[in-house]
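Number of protein chains: 2
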Amino acid sequence: MEVKVVRKVLDVNNTNARRNRERFAENKVFVLNVMSSPGSGKTTLLEKTLARIMPGIRSGVIVGDICTSHDADRLAKTGAPVVQVNTDEFGGDCHLAAHVIEKAAENLDLGELDLLIVENIGNLVCPAEFDIGEDARAVVLSVTEGEDKPVKYPLMFRECDAAVLNKTDLLPYLDYDRDAALGYIRQVHPGMPVFEMSTKTGEGLDAWIDWIEGRMRLKAEGA
Amino acid sequence: MEVKVVRKVLDVNNTNARRNRERFAENKVFVLNVMSSPGSGKTTLLEKTLARIMPGIRSGVIVGDICTSHDADRLAKTGAPVVQVNTDEFGGDCHLAAHVIEKAAENLDLGELDLLIVENIGNLVCPAEFDIGEDARAVVLSVTEGEDKPVKYPLMFRECDAAVLNKTDLLPYLDYDRDAALGYIRQVHPGMPVFEMSTKTGEGLDAWIDWIEGRMRLKAEGA
Numbered sequence: 023m024e025v026k027v028v029r030k031v032l033d034v035n036n037t038n039a040r041r042n043r044e045r046f047a048e049n050k051v052f053v054l055n056v057m058s059s060p061g062s063g064k065t066t067l068l069e070k071t072l073a074r075i076m077p078g079i080r081s082g083v084i085v086g087d088i089c090t091s092h093d094a095d096r097l098a099k100t101g102a103p104v105v106q107v108n109t110d111e112f113g114g115d116c117h118l119a120a121h122v123i124e125k126a127a128e129n130l131d132l133g134e135l136d137l138l139i140v141e142n143i144g145n146l147v148c149p150a151e152f153d154i155g156e157d158a159r160a161v162v163l164s165v166t167e168g169e170d171k172p173v174k175y176p177l178m179f180r181e182c183d184a185a186v187l188n189k190t191d192l193l194p195y196l197d198y199d200r201d202a203a204l205g206y207i208r209q210v211h212p213g214m215p216v217f218e219m220s221t222k223t224g225e226g227l228d229a230w231i232d233w234i235e236g237r238m239r240l241k242a243e244g245a
Numbered sequence: 023m024e025v026k027v028v029r030k031v032l033d034v035n036n037t038n039a040r041r042n043r044e045r046f047a048e049n050k051v052f053v054l055n056v057m058s059s060p061g062s063g064k065t066t067l068l069e070k071t072l073a074r075i076m077p078g079i080r081s082g083v084i085v086g087d088i089c090t091s092h093d094a095d096r097l098a099k100t101g102a103p104v105v106q107v108n109t110d111e112f113g114g115d116c117h118l119a120a121h122v123i124e125k126a127a128e129n130l131d132l133g134e135l136d137l138l139i140v141e142n143i144g145n146l147v148c149p150a151e152f153d154i155g156e157d158a159r160a161v162v163l164s165v166t167e168g169e170d171k172p173v174k175y176p177l178m179f180r181e182c183d184a185a186v187l188n189k190t191d192l193l194p195y196l197d198y199d200r201d202a203a204l205g206y207i208r209q210v211h212p213g214m215p216v217f218e219m220s221t222k223t224g225e226g227l228d229a230w231i232d233w234i235e236g237r238m239r240l241k242a243e244g245a
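Taken in sequence, the protein lines are chains A and B.
Letter by letter, the first sequence follows residues 23 to 245 in my numbering.
Letter by letter, the second sequence follows residues 23 to 245 in my numbering.
Chain A extracted, bound-state conformation:
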C-alpha cells in the first residue's frame, strides 16, 4: 500500500520534471543538481564555482533548505540571481521535488541564464529519488564523512554524473584511506569522474569547472 503511494508520488514528479526539462531546453539553460549530506561544503563549492565562471557563463541558483536563508544570503554576494526555497512551506520536505523547482524558476529570468545550479537539501538519501528536470547531477562528499558512504548510500552515487571529494585540506588530521574511498565510489558507479578538492583553499577546482563547461558544450552541441 505504502509502496503504491510512493510510486504515484514519483510518477507525478516525473511528469513535472519532464515539463521543467522542456522549459529549460527552450531557454537554453543547463541545469546542474548538486546534492550531499548536511555540511559537506555545497555552498562554499558554489560560491567558488560562481566566482570562477561568471560573468562569462551567466549563472543563477536555486537553493533548498528546510529553514533559513543562510545559504542564499551567502550566494547572493556572488552577484548571481538566487532563489531560496524553504521546504517547511511544503511540509518540511527532505528533498526538492520537480514542482518546487518549477515554482522557484518562475522567479528567475531563464532567457538570461546559461547555467542554473540547484543546491539541494542536505540529505544523502531522498533527493536522489527525485528528478527535477536537470541535465547533470553531482554529489559532494567530504572526507570527514569517512570512506564508505558510497556503498551505504548507493542510489545517490549511482544516480550522479560526478562526485566531489571535498575538504582535502583536512586529510593530514584524519585517518582517511583515500584508495578505499575511491574504490567504494568505483564499486557503485564505475567510471564516474571524481574531483578531489578543497573548496576552502580552491585546490582541485579547475578540473570541476572544466567538467561543468564540457557538459554544457555537449548539451549545446545537441549531444
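I should point out that these hints are in silico values taken from the structure, not numbers from a laboratory.
Just so you know, not all the hints are guaranteed correct.
No copy is singled out in the list; a pair is fine if it fits within one copy or between any two copies.
Pairs of lysine to any residue, SDA-like flavour, derived with a Cα cap of 20 Å [claimed, not checked]:
1. Lys-50 with Ile-75
2. Lys-222 with Arg-180
3. Lys-222 with Leu-196
4. Lys-50 with Ala-158
5. Lys-222 with Asp-191
6. Lys-99 with Asp-170
7. Lys-50 with Ala-126
8. Lys-222 with Pro-194
9. Lys-30 with Asn-42
10. Lys-125 with Leu-32
11. Lys-30 with Leu-192
12. Lys-222 with Gly-205
13. Lys-222 with Leu-192
14. Lys-125 with Ser-91
15. Lys-99 with Met-76
These numbers come from a predicted model, not from an experiment.
Since chain A is already given, all that's left is putting chain B on it; use the hints.
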C-alpha cells in the same frame, strides 16, 4: 492529498511505537535512539560508549543502514549483541520506522538487556519524524558540518533530548565559531544538554555516559 497519506503513515507508526514502548517497559530495557547526518561519528560514539558501560550495563544495539553491515561488524567487536537492519529490504527507507524496530528486536533477548541503543540511518531530516518507542533521543553533529545545522534542521534538534558535538579534535584546523553553534542549538531547543566530544580521543565522553546513566536511573525509578 499527499499530506493526508503522510499523516496516515505517521499514525500507523505511532501505534507501532506504542506497542514497542510497552514491550521495552515490560522487559525493563531503556532505549536510546541516536541520529545524525552521514559520517558524523555515530558508530565510533557507540563503540566508545559500549566499551565504557559494559558489562555493568547489559547493552544491545540495532543499527540501521540502507545497505552494508559495516557498522554492525564494527559494533559486534564490543561483545554486545547487534542486529543490522538494511532498509533496502523495506524500499530503501531513509529512516527506521517502529515496525522495523519491532522486527529487529525479535532477534534480541530483551529480558537480558538493560540498554538498547538504536543507531538510526544517517539523515538529519526524516528519522526525527518517526517515533520508534524509545525513551530518549540524541543527535550527533560533527563540528566539520558547520555551525548552523540546528536552525536548518530544527525538527531534529527540537525532538532530541541531548546533542553530541563531535570531532572537537579537528577544531584547530577549522574556522569554527563555537559560540554561534551553541547559540543555534539553544535557539531551537533551549536547555538541551550539549556534550562537546572527540570520539577519536575520548575527550568529553564522561559527561555523555553520566547523562545516559542518569536517564536510565530516572526511568527505573518510574519518573
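How the hints compare with the structure:
1. Lys-50 with Ile-75: within (17 Å within a copy, 61 Å between copies)
2. Lys-222 with Arg-180: neither (27 Å within a copy, 31 Å between copies)
3. Lys-222 with Leu-196: Both, since 17 Å and 10 Å are each at most 20 Å.
4. Lys-50 with Ala-158: Answer is within: at 14 Å inside a copy they meet the 20 Å cutoff, but 52 Å across does not.
5. Lys-222 with Asp-191: both (8 Å within a copy, 19 Å between copies)
6. Lys-99 with Asp-170: The answer is between: 19 Å across copies meets 20 Å, while 35 Å in one copy does not.
7. Lys-50 with Ala-126: Intra 18 Å, inter 51 Å, cutoff 20 Å: intra-copy only.
8. Lys-222 with Pro-194: Result: close both inside a copy and across copies, 15 Å intra and 15 Å inter.
9. Lys-30 with Asn-42: This pair counts as within: shortest intra-copy Cα distance 19 Å, inter-copy 30 Å.
10. Lys-125 with Leu-32: within (18 Å within a copy, 28 Å between copies)
11. Lys-30 with Leu-192: Neither: 43 Å inside a chain and 45 Å across chains, both beyond 20 Å.
12. Lys-222 with Gly-205: neither (25 Å within a copy, 24 Å between copies)
13. Lys-222 with Leu-192: The answer is both: 10 Å in one copy and 15 Å across copies each meet 20 Å.
14. Lys-125 with Ser-91: within (17 Å within a copy, 40 Å between copies)
15. Lys-99 with Met-76: For Lys-99 and Met-76, only the intra-copy Cα distance (12 Å) is at most 20 Å; the inter-copy one is 52 Å.
Against the hints set out earlier in the document, violations occur for numbers 2, 11 and 12.
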